[in-house]
Amino acid sequence: MNNVYYITEKDFQDFIDRLTNDAEVFFPFEKSPGPRKEKDYFYQKISPGACLKFNPYRTIEPLRTFFVSAYDKLAHYFTDKKEVLVDPKKKTIIFGVKSCDLVEQKVQDFVFLEGVDVDTAYKIKRENTILVSGDCTDFKEVCHCLAWEVLPYPQDGFDLNISPLNEGFLVEVGSGKGQGLVDAYKGLFSIAKDTQIAARKAKRDGLIDRLKRHLLPQNLVKYTDVQRLVKEGYNLDTWKQFMQTCVECGGCNFACGTCHCFLLADRKEDKLNSKVRLWDSCLYANFARVAGGANPLKLRAQRLRNRFLKKFDFFVDNMGKPACCGCGRCIEVCPGKIDIREVLKDLEKKLSCKK
Amino acid sequence: MKNIYQPIEAIVEDIIVETPAIKTFALRTREPFSFKTGQFIELTVPGVGEAPFTPSSDPNIKDKIDVTIMNVGRVTSILHGIERNSSVGIRGPYGRGYPLESFYGKDVVIVGGGVGLAPLRSLLFSLFGQIDKYNKVILRYGARSPKDIVYKDAIPEWSRRKKVDVVVTVDVGESGWAGNVGLVTTIIKDLPVNLKNAVAVVCGPPIMMKFVTLKLLDEGFAPKDIYLSMEKNMSCGLGKCGHCRIGRFYACKDGPVFTYDELKDIPEIWD
Chain A
1 MNNVYYITEK
11 DFQDFIDRLT
21 NDAEVFFPFE
31 KSPGPRKEKD
41 YFYQKISPGA
51 CLKFNPYRTI
61 EPLRTFFVSA
71 YDKLAHYFTD
81 KKEVLVDPKK
91 KTIIFGVKSC
101 DLVEQKVQDF
111 VFLEGVDVDT
121 AYKIKRENTI
131 LVSGDCTDFK
141 EVCHCLAWEV
151 LPYPQDGFDL
161 NISPLNEGFL
171 VEVGSGKGQG
181 LVDAYKGLFS
191 IAKDTQIAAR
201 KAKRDGLIDR
211 LKRHLLPQNL
221 VKYTDVQRLV
231 KEGYNLDTWK
241 QFMQTCVECG
251 GCNFACGTCH
261 CFLLADRKED
271 KLNSKVRLWD
281 SCLYANFARV
291 AGGANPLKLR
301 AQRLRNRFLK
311 KFDFFVDNMG
321 KPACCGCGRC
331 IEVCPGKIDI
341 REVLKDLEKK
351 LSCKK
Chain B
1001 MKNIYQPIEA
1011 IVEDIIVETP
1021 AIKTFALRTR
1031 EPFSFKTGQF
1041 IELTVPGVGE
1051 APFTPSSDPN
1061 IKDKIDVTIM
1071 NVGRVTSILH
1081 GIERNSSVGI
1091 RGPYGRGYPL
1101 ESFYGKDVVI
1111 VGGGVGLAPL
1121 RSLLFSLFGQ
1131 IDKYNKVILR
1141 YGARSPKDIV
1151 YKDAIPEWSR
1161 RKKVDVVVTV
1171 DVGESGWAGN
1181 VGLVTTIIKD
1191 LPVNLKNAVA
1201 VVCGPPIMMK
1211 FVTLKLLDEG
1221 FAPKDIYLSM
1231 EKNMSCGLGK
1241 CGHCRIGRFY
1251 ACKDGPVFTY
1261 DELKDIPEIW
1271 D
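Chains as they are written, first to last, in the numbering used here: chain A, 1 to 355; chain B, 1001 to 1271.
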């Protein structure tokens, strides 16, 4: 059965306006060019009538920020006062999500929904959010999803996926929630024709070609080699060398869509005790320190190496996949110009010299 | 709906001063609470912070747990200042404790260093409770000096028990101390055990665990028969916050008890 629909630009605008009636709707908005002369996109909550423009590539902030904020109250304790920490009725619809975001969110789901126990607040937010992704129609200089065998258009994990086509969009249904939306606004959608789906494929293939040409001269390491590289490169000077320009700002962690580490802290406000969660960074000096002062990640180089071991060794062993999909956010954000692509290439180069 | 970050309340019923830097807190929980020996809890000072500890009491005693705490950091120094009837929070229990069933019928060697005897006391109580199930229990304990020995009153009682063999040493003696002087590694030589049917359980500061493990290997213990309680900064206790990674494991959910065999190929485990 064909689960792809067509909607005109005008009807699309109408569709989104109507969605704002019973959900908070977020859509990426353009910001003037940054230092790289590329346009940046940020999610913004929209009201009806907002002038929407399809974002050609991912936003600056990772998708996970909708589910785990920089500061979240997680629990109140030893009190009868009942403050609602997560509103179970709040519906959110996020447009402009890209393929890399969906792959990254799977890592977050693995952490917060699986394992020993489920993070209920995360689960509620996740269930109450509809993800409307879109094909990439362009890429940033730092984008290198293909090197991680992630395609620049979503494969799964979306509720609806949107592909610009002529004066409208093809809308692919990826879940029951997505189907529900289409069904609720049936009049706006028509079943996509085979020729339209073929046109979508041609556009997708065209972008992949362009991205391949962009990546080819970069000689990026092979996706299947990364675990070996970080393990065999454990004692190389790569870590120390690349760490020289790190200012320990934690930006790479906070911009990353797969990073998930957090601090649990306690707060007292108006006699109300609460557990709060704050993002943490493995580049911070105290990340692994224990009471008494012992610190297994005392050295800066150890901390950079730990970041790579976590992404490319730990997650491969535990989840079957590395925790990176080449969104390039960490490269973009780093004031020290530490480039994950270059770190991996350096490991590869030095290891092949040793042989 | 269940909130995994929600602590339950416990009241400090008693505080026992073990050494100048170590106190045992007897806690009574307001809700049913139980743990398996070797598992750990997160203990909250309301509104201030929390830290991980392995209970030192008999896991068969419900609703009351002892936690033996050394004053070494921010949370522990505040805990050392609290008084009886104070309210604290508990989350947990977390992780994989000691696999008692796989100790059945065996010689169980327990090697503790300093406040590392705390989780081992809980293990000892578990073993004593079903002593028929084990061949013998051998405790080797080292403290920095005689005044740093924890559970001073209990140790002589343990050593009088049937099938239990206890030796204590101190790194540095003092006047009036007639016992052993020397590092704990000096009292685990030629242990009276059948190596083919023995396990060793080690808990103490990382440097002590390292040298005890090396010594036990030297004495002929197999890596799979050496059980280590790893000290990392477990924060959430649930494998989510990311702080306590050891290779492909998290100490909080895959440990805190690991066999040396599981860890031996991971670099820098003792740091």
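Keep in mind that a hint or two might mislead.
What the simulated footprint calls covered on chain A by chain B, stretch by stretch (three residues with Cβ under 8 angstroms from a Cβ of chain B suffice, anywhere in the stretch; the number is not a length) [to be verified]: (1) 209-220; (2) 239-245; (3) 252-266; (4) 310-321.
Note that these hints are calculated values from the structure, not bench results. All C-beta atoms in this analysis are idealised placements derived from N, C-alpha and C, irrespective of residue type, glycine included.
Evaluated hints:
no., hint, result
1, 209-220, "violated (count 0)"
2, 239-245, "violated (count 0)"
3, 252-266, "holds (count 7)"
4, 310-321, "holds (count 5)"
Checked against the numbered hints given earlier, this structure breaks hints 1 and 2; the rest are met.
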